[in-house]
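**Student:** Residue numbers (the numbering used here): 1 to 338.
Among the hints, a few may not be true.
25 Å max Cα-Cα, derived SDA-like pairs, lysine to any residue [to be verified]:
#1 Lys24 - His91
#2 Lys306 - Leu285
#3 Lys44 - Thr77
#4 Lys4 - Ser56
#5 Lys24 - Arg62
#6 Lys38 - Pro70
#7 Lys44 - Val71
#8 Lys44 - Val18
#9 Lys198 - Tyr209
#10 Lys295 - Gln264
#11 Lys37 - Ala23
#12 Lys295 - Ser56
#13 Lys37 - Ala78
#14 Lys198 - Thr131
#15 Lys293 - Asn236
#16 Lys295 - Tyr209
#17 Lys198 - Ala158
#18 Lys295 - Leu285
#19 Lys295 - Glu121
#20 Lys4 - Ala22
#21 Lys37 - Pro57
#22 Lys37 - Arg50
#23 Lys44 - Glu15
#24 Lys293 - Leu304
#25 Lys306 - Ala290
#26 Lys306 - Lys198
FYI, nobody ran anything at the bench for these hints, they're computed from the structure.
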Amino acid sequence: MDFKLVETFLCVFEEGNVTRAAAKLNIVQPAVSTQIKKLEATLKLELFERTPRGISPTPSGRALYRLFAPVLESFRTAEHQAHALSSTQIHEMSVGLNPFASDALTGDVLQAFRIRYPEVEVHVEEELSDTLLRHVADGALDLAIVHFGTQSVGIPAAVAAVPLADEELVFVERDTGAGSSEPLHFTELAGRPLVLPKSRLGFRRDLEYAAAQCQTSISLALEINAPGPLLDIVANGELATVVPEITARRAMEHLPLRIRRLIQPQVIRSILCVHRRDRPLSPILAQFAAIVKSKIEGQLAGPLPKPRSRREAADLNVWSSAEPVPDVRPLRGRRTHG
1 MDFKLVETFL
11 CVFEEGNVTR
21 AAAKLNIVQP
31 AVSTQIKKLE
41 ATLKLELFER
51 TPRGISPTPS
61 GRALYRLFAP
71 VLESFRTAEH
81 QAHALSSTQI
91 HEMSVGLNPF
101 ASDALTGDVL
111 QAFRIRYPEV
121 EVHVEEELSD
131 TLLRHVADGA
141 LDLAIVHFGT
151 QSVGIPAAVA
161 AVPLADEELV
171 FVERDTGAGS
181 SEPLHFTELA
191 GRPLVLPKSR
201 LGFRRDLEYA
211 AAQCQTSISL
221 ALEINAPGPL
231 LDIVANGELA
241 TVVPEITARR
251 AMEHLPLRIR
261 RLIQPQVIRS
271 ILCVHRRDRP
281 LSPILAQFAA
291 IVKSKIEGQL
301 AGPLPKPRSR
311 REAADLNVWS
321 SAEPVPDVRP
331 LRGRRTHG
């Protein structure tokens, strides 16, 4: 017996209408009628009564439904489990991370993932969120963790997004063991020399947009895209910066830094897990995303870390200004108004 005929019969029975069943099965109405007649001929039973007002199941039709409905449900369950089983046997996956997220999360995430799935080879691509979205849409990446703010490009129609967390931008300066840790009003950024990533980074665009909204000038002293060297510069000099909170919290573990919240306005960005709509996350990919979410929540849990004492700050092994710093561009007195 052709199982497709049984599936069509069950759909017509449940919908009580050939037209609705055809729409649900995504086939034309004559094809539905033909399949029902073929099943009736095979079983030598009349399954539906045809009247000018429509169709209704016969006693034989109702009996057949009671027989076949559990069978179809069992088949669908088995099919789903088979797909899940095959998807857990993947041996490699490609994921994308934003450089600032990658710097703070990659090691912890990959270590936790490797413990659970040591046989899976993970390829990590570090790119800007806009680029990662394109690569996910093109199918080059299985999933990506991206940041989405007020000035981000739109998410492509082919891409589905799952929110993981919200993260704010914070002000970071060298911790000398003295000074305030109170929130900083956005307008207080004016006149403070900053080291920032280049303007093509999404959070830099969000920062400049917020500055324009409150008519505040941002004074750039250096542009550098690498988060590690950027924060090393802050820890060893007079420049400050504004970076995502996770990046700042992680750097504070080994650098003498002071973190202050920005207020009026706050600049908040969403952290999203994205994948192609037509490629639902396999159990392994979903597990990777869950680990990322857990690590993000762990990094953002609780109040901002308190600054160290002057002695603790001095005792940290920090980067020497004599070492070369990659991708640094001095900007003497350059200002931006967003």
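**Student:** Evaluate each hint against the coordinates.
**Tutor:** So, going through the hints one by one against the coordinates:
{"no.": "1", "hint": "Lys24 - His91", "in the structure": "36 Å, violated"}
{"no.": "2", "hint": "Lys306 - Leu285", "in the structure": "36 Å, violated"}
{"no.": "3", "hint": "Lys44 - Thr77", "in the structure": "30 Å, violated"}
{"no.": "4", "hint": "Lys4 - Ser56", "in the structure": "21 Å, holds"}
{"no.": "5", "hint": "Lys24 - Arg62", "in the structure": "21 Å, holds"}
{"no.": "6", "hint": "Lys38 - Pro70", "in the structure": "22 Å, holds"}
{"no.": "7", "hint": "Lys44 - Val71", "in the structure": "21 Å, holds"}
{"no.": "8", "hint": "Lys44 - Val18", "in the structure": "21 Å, holds"}
{"no.": "9", "hint": "Lys198 - Tyr209", "in the structure": "14 Å, holds"}
{"no.": "10", "hint": "Lys295 - Gln264", "in the structure": "28 Å, violated"}
{"no.": "11", "hint": "Lys37 - Ala23", "in the structure": "18 Å, holds"}
{"no.": "12", "hint": "Lys295 - Ser56", "in the structure": "56 Å, violated"}
{"no.": "13", "hint": "Lys37 - Ala78", "in the structure": "28 Å, violated"}
{"no.": "14", "hint": "Lys198 - Thr131", "in the structure": "15 Å, holds"}
{"no.": "15", "hint": "Lys293 - Asn236", "in the structure": "32 Å, violated"}
{"no.": "16", "hint": "Lys295 - Tyr209", "in the structure": "29 Å, violated"}
{"no.": "17", "hint": "Lys198 - Ala158", "in the structure": "28 Å, violated"}
{"no.": "18", "hint": "Lys295 - Leu285", "in the structure": "15 Å, holds"}
{"no.": "19", "hint": "Lys295 - Glu121", "in the structure": "20 Å, holds"}
{"no.": "20", "hint": "Lys4 - Ala22", "in the structure": "13 Å, holds"}
{"no.": "21", "hint": "Lys37 - Pro57", "in the structure": "13 Å, holds"}
{"no.": "22", "hint": "Lys37 - Arg50", "in the structure": "12 Å, holds"}
{"no.": "23", "hint": "Lys44 - Glu15", "in the structure": "23 Å, holds"}
{"no.": "24", "hint": "Lys293 - Leu304", "in the structure": "19 Å, holds"}
{"no.": "25", "hint": "Lys306 - Ala290", "in the structure": "29 Å, violated"}
{"no.": "26", "hint": "Lys306 - Lys198", "in the structure": "29 Å, violated"}
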